[in-house]
Each structure stands twice: as C-alpha cells, then as structure tokens.
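Undergrad: Sequence:
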Amino acid sequence: MSKWKDVLIMRILCLNPPFKTEHGRFSRTSRSPAITKSGTIYYPIWLCYVVGVLEDDGHEVKIIDSCAYSYDMTVTISKIKEFKPEISVLDTSTPSIYSDIKAGEEIKKLFPDSFVILMGTHTTALPEETLNISNYIDGIAIGEADYIVKSLAKTLSRADMNRLQSDISYRNEVLSKIDGLAYCCGGTIIKNKKMDLIDDIDKLPFVSKVYKKHIDTKKYFFAASDYPEIQIMTSRGCIAQCTFCVYPQTVHGLKYRTRSARNIADEFEWIVKNMPEIREIGIEDDTFTGNQKKGN
Numbered sequence: 001m002s003k004w005k006d007v008l009i010m011r012i013l014c015l016n017p018p019f020k021t022e023h024g025r026f027s028r029t030s031r032s033p034a035i036t037k038s039g040t041i042y043y044p045i046w047l048c049y050v051v052g053v054l055e056d057d058g059h060e061v062k063i064i065d066s067c068a069y070s071y072d073m074t075v076t077i078s079k080i081k082e083f084k085p086e087i088s089v090l091d092t093s094t095p096s097i098y099s100d101i102k103a104g105e106e107i108k109k110l111f112p113d114s115f116v117i118l119m120g121t122h123t124t125a126l127p128e129e130t131l132n133i134s135n136y137i138d139g140i141a142i143g144e145a146d147y148i149v150k151s152l153a154k155t156l157s158r159a160d161m162n163r164l165q166s167d168i169s170y171r172n173e174v175l176s177k178i179d180g181l182a183y184c185c186g187g188t189i190i191k192n193k194k195m196d197l198i199d200d201i202d203k204l205p206f207v208s209k210v211y212k213k214h215i216d217t218k219k220y221f222f223a224a225s226d227y228p229e230i231q232i233m234t235s236r237g238c239i240a241q242c243t244f245c246v247y248p249q250t251v252h253g254l255k256y257r258t259r260s261a262r263n264i265a266d267e268f269e270w271i272v273k274n275m276p277e278i279r280e281i282g283i284e285d286d287t288f289t290g291n292q293k294k295g296n
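Numbering (full-length UniProt numbering), first residue to last: 1 to 296.
Please keep in mind that the hints were generated in silico from the structure rather than gathered at the bench.
All C-beta atoms, glycine included, are put in the ideal place defined by N, C-alpha and C.
Incorrect hints may have been included.
Below, in silico cross-link-like pairs of lysine-lysine (DSBU-like), each with a Cα-Cα straight-line distance of 30 Å or less [claimed, not checked]:
1. Lys219 x Lys108
2. Lys218 x Lys194
3. Lys108 x Lys177
4. Lys191 x Lys209
5. Lys193 x Lys102
6. Lys84 x Lys218
7. Lys154 x Lys212
8. Lys84 x Lys102
9. Lys273 x Lys191
Estimated spans, in silico, between C-beta atoms of each pair [stated by the list, open to error]:
10. Gln165 x Phe83: 18 to 24 Å
11. Thr289 x Ala159: 41 to 47 Å
12. Gly39 x Arg163: 18 to 24 Å
13. Ala125 x Asp226: 33 to 39 Å
14. Lys84 x Asn172: 24 to 30 Å
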C-alpha cells in the first residue's frame, strides 16, 4: 500500500474468471452467458467500468480476462501470484457461479488478507445463497458495482487488513460503512443498505480507455458486427420489467439514465482517434430508445 497525493493506493485485481476453457471461450457478460457456436465473446464491460473508476482514484489495478485469453485456472492463478492483490474483484454469472467461487477460494488461499468480492447478476440476485456456498468469499457488491468497489477500496485502504480477517467486531465496524455490500461476519451474513443508482453516468470514465490500456481488442468478437468491434454503454437501466432480461432486473435497476449526447460523441471521437483498428462501435444498453429524444 502506498500514497498517491492524498489517496492511499491499493493493488486491486479485477478478474473475469476462467470457466470450461477446454470447451471454448465463455462469454460471461452476454445477456445469456454461454460458450457460443458463433465464437462470440463479449468484452468484460462492467468489470472494465470498475477498473476505470478505481484508476481515477489512483489505485493500481490489474485486469485479467481469463475467458477471452483462454487461461485455465492454473494459468490464471500464476498471473495473480505476480500481482499480489489486496482486493480481488470477480465477475460472475449463473452458469459459472461454482467455478467463479472456486477462483475466489484459490485467491484467498494464496493471499489470506486479500478481500475477495464478487459482482454481477447472479450474486446481486442471490447474495445470501452465494455467500453461504463458501467461507472464503468476503463480500458481494449488490447492484451497480462501480461505486461500491470504489467505496470499499477507500475504506479498506485505511483499514488493518489482517485484523479485518481475525477480529469480528472490527470487521463489522469497517464493512458496515459500505453501502451496497453484503458480507460475512462471524458466521452471520449482513446486507448493508443499497447503494444509490448512479444518476450522472457522464461522470463514469470512458470504458474504451480501459480497453485501450489493459486488453487486446482483437480477442473479442460479436458475430453480427464488423471485426474488430468495441462495446460501450450510453445508458443504464430500463423501466420495463421483462422477466427474461437479466441486467435491469438485477444490476442496473428500473430507473432509466442516459449519458449526454456530448459525452457520447466525445467517446466516439476518442475511439476514432485512438483506436483506429476498430471498425464498429456496439452500444450495450439495456434499452437504447428509452428516451427517443436522445437519438435526435
């Protein structure tokens, strides 16, 4: 842990865990997570937004996308060993949840003081059930993880990480301050009050900048797009309550929020100037036409 300006910097791992690598590349962030016949593999977009928010706060962040890079658990863990994370953020999905938890367990065994937190649709829908599966998982970000993990990092940067694991009273004192967090404390699962949805999503970093810095865009593919393509977000949430649509019903909520036209155009311009290899920009919104004036 070191200092940057007035912020205590932490080493934070953001992991898209491996799942059935021997059978192909698992697209965890797809609306229906799967190993597809078309070879479609989505960007870990929501994990990358977390990366951008953490880096804006000055933290040292490493993202490993084991699915896109076809890393099995052994290779994944070997790369994590080099980084020695103080916080480990793992994306999850329903098909892969037991494997995702196994990845968290392996990290915790290597680095007992590392705080292992899960995010995603499955864990948001079933936080208590998920935490009951394993004692190695420290917490769950319920809903939009961006500012939950930001708050966690700020709080833990000033905490005694060893005492956090061994002192139940101290653990509860520290973790109870973080909105949107569910965690285990002395065999009891505690759910803090919800973190408010992010109203001004213009304040979020351009996810394209995270892609540019951390991952190889040629590792990602969408069968209906030109290659290579990129995926960004221009809004979050949806007022509809369709039972088949997982993200607004779990993570992004039923409140529709949009980026400003200027902010969207600025990211498009940044992509054109800085990522000339990109041939198509995909907009991964819950509903693009929730506000029809947005497109005018």
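Undergrad: It remains to establish, for every hint, whether it holds in the given structure.
TA: Consistency of the hints with the structure:
no., hint, in the structure
1, Lys219 x Lys108, "holds, 28 Å"
2, Lys218 x Lys194, "violated, 37 Å"
3, Lys108 x Lys177, "holds, 23 Å"
4, Lys191 x Lys209, "violated, 33 Å"
5, Lys193 x Lys102, "holds, 27 Å"
6, Lys84 x Lys218, "holds, 28 Å"
7, Lys154 x Lys212, "holds, 25 Å"
8, Lys84 x Lys102, "holds, 18 Å"
9, Lys273 x Lys191, "violated, 44 Å"
10, Gln165 x Phe83: 18 to 24 Å, "holds, 19 Å"
11, Thr289 x Ala159: 41 to 47 Å, "holds, 44 Å"
12, Gly39 x Arg163: 18 to 24 Å, "violated, 47 Å"
13, Ala125 x Asp226: 33 to 39 Å, "holds, 34 Å"
14, Lys84 x Asn172: 24 to 30 Å, "holds, 26 Å"
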